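Produce the complete structure using the sequences and hints provided.
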Amino acid sequence: AQKITQTQPGMFVQEKEAVTLDCTYDTSDQSYGLFWYKQPSSGEMIFLIYQGSYDEQNATEGRYSLNFQKARKSANLVISASQLGDSAMYFCAMREGRGYKLSFGAGTTVTVRA
Amino acid sequence: DAGVTQSPTHLIKTRGQQVTLRCSPKSGHDTVSWYQQALGQGPQFIFQYYEEEERQRGNFPDRFSGHQFPNYSSELNVNALLLGDSALYLCASSSAKSGTANYGYTFGSGTRLTVV
Chain R
16 AQKITQTQPG
26 MFVQEKEAVT
36 LDCTYDTSDQ
46 SYGLFWYKQP
56 SSGEMIFLIY
66 QGSYDEQNAT
76 EGRYSLNFQK
86 ARKSANLVIS
96 ASQLGDSAMY
106 FCAMREGRGY
116 KLSFGAGTTV
126 TVRA
Chain C
62 DAGVTQSPTH
72 LIKTRGQQVT
82 LRCSPKSGHD
92 TVSWYQQALG
102 QGPQFIFQYY
112 EEEERQRGNF
122 PDRFSGHQFP
132 NYSSELNVNA
142 LLLGDSALYL
152 CASSSAKSGT
162 ANYGYTFGSG
172 TRLTVV
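Note that the protein sequences, when read in sequence, are chains R and C. Take any residue in the first sequence, note its place counting from 1, add 15, and you have its number in our numbering. Take any residue in the second sequence, note its place counting from 1, add 61, and you have its number in our numbering.
Where hints are given, some of them may not hold.
Stated by the list, open to error - Quick list of in silico lysine-lysine cross-link-like pairs, BS3-like style, CA-CA up to 30 angstroms: (1) C/Lys87 <-> C/Lys74; (2) R/Lys88 <-> R/Lys31; (3) R/Lys31 <-> C/Lys158; (4) R/Lys31 <-> R/Lys85; (5) C/Lys74 <-> C/Lys158; (6) R/Lys18 <-> R/Lys85; (7) R/Lys18 <-> R/Lys88; (8) R/Lys85 <-> C/Lys158; (9) R/Lys18 <-> C/Lys87.
Since the hints were derived computationally from the structure, they do not count as laboratory data. A quick note: this is a predicted structure, and the numbers were derived from the prediction, not measured.
Pasting the structure below:
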């Protein structure tokens, strides 16, 4: 079974508008971490935001916020005030329990229009 | 402060050949993980090295092997290359002292391997 599901292959967003990227996850562990990464065409994975399974508050990092709904097993990324430089591939990932690997979704391509 | 450095950036190999990819972790990091990212897909975990030993392995055949050196740098070796091994290979480093939580993973820009 897929650990991470990202159902939006691609999205267009107008500059300065907000965009929400969907992510659902599947785990039986009580302790897990959820990550969002940005991958521009250069290939490097850039860390954006992290949410721990026991964190009660939704994580925020500048223009990025994570809408964590534990019961629904969803961890959607919200990018506010989109900029042209936000155009990239975005990946949701999960680390389970005491494991070391990250399981990634298939990604969502975001294109910001001027 | 240098981040994760990978070499080479691009590589073309022939089916059946062997390849070695290299990774230098971020300063202060002692753990290295390798991921394979096929075109249009998310990265898949290959393995992680810590204290010069393979600590966890993903679902990859034995053709994929690795090594970690005392200076924490790492190599990924792939034998008997197949066309399906064509991918971007990403290295990620982290610090065992900080645990595996939150923002510990720093990725390099990857090595793009093409098998012809």
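Status of each hint after checking the structure:
{"no.": "1", "hint": "C/Lys87 <-> C/Lys74", "result": "holds, 28 angstroms"}
{"no.": "2", "hint": "R/Lys88 <-> R/Lys31", "result": "holds, 29 angstroms"}
{"no.": "3", "hint": "R/Lys31 <-> C/Lys158", "result": "violated, 39 angstroms"}
{"no.": "4", "hint": "R/Lys31 <-> R/Lys85", "result": "holds, 29 angstroms"}
{"no.": "5", "hint": "C/Lys74 <-> C/Lys158", "result": "violated, 38 angstroms"}
{"no.": "6", "hint": "R/Lys18 <-> R/Lys85", "result": "holds, 15 angstroms"}
{"no.": "7", "hint": "R/Lys18 <-> R/Lys88", "result": "holds, 11 angstroms"}
{"no.": "8", "hint": "R/Lys85 <-> C/Lys158", "result": "holds, 28 angstroms"}
{"no.": "9", "hint": "R/Lys18 <-> C/Lys87", "result": "holds, 28 angstroms"}
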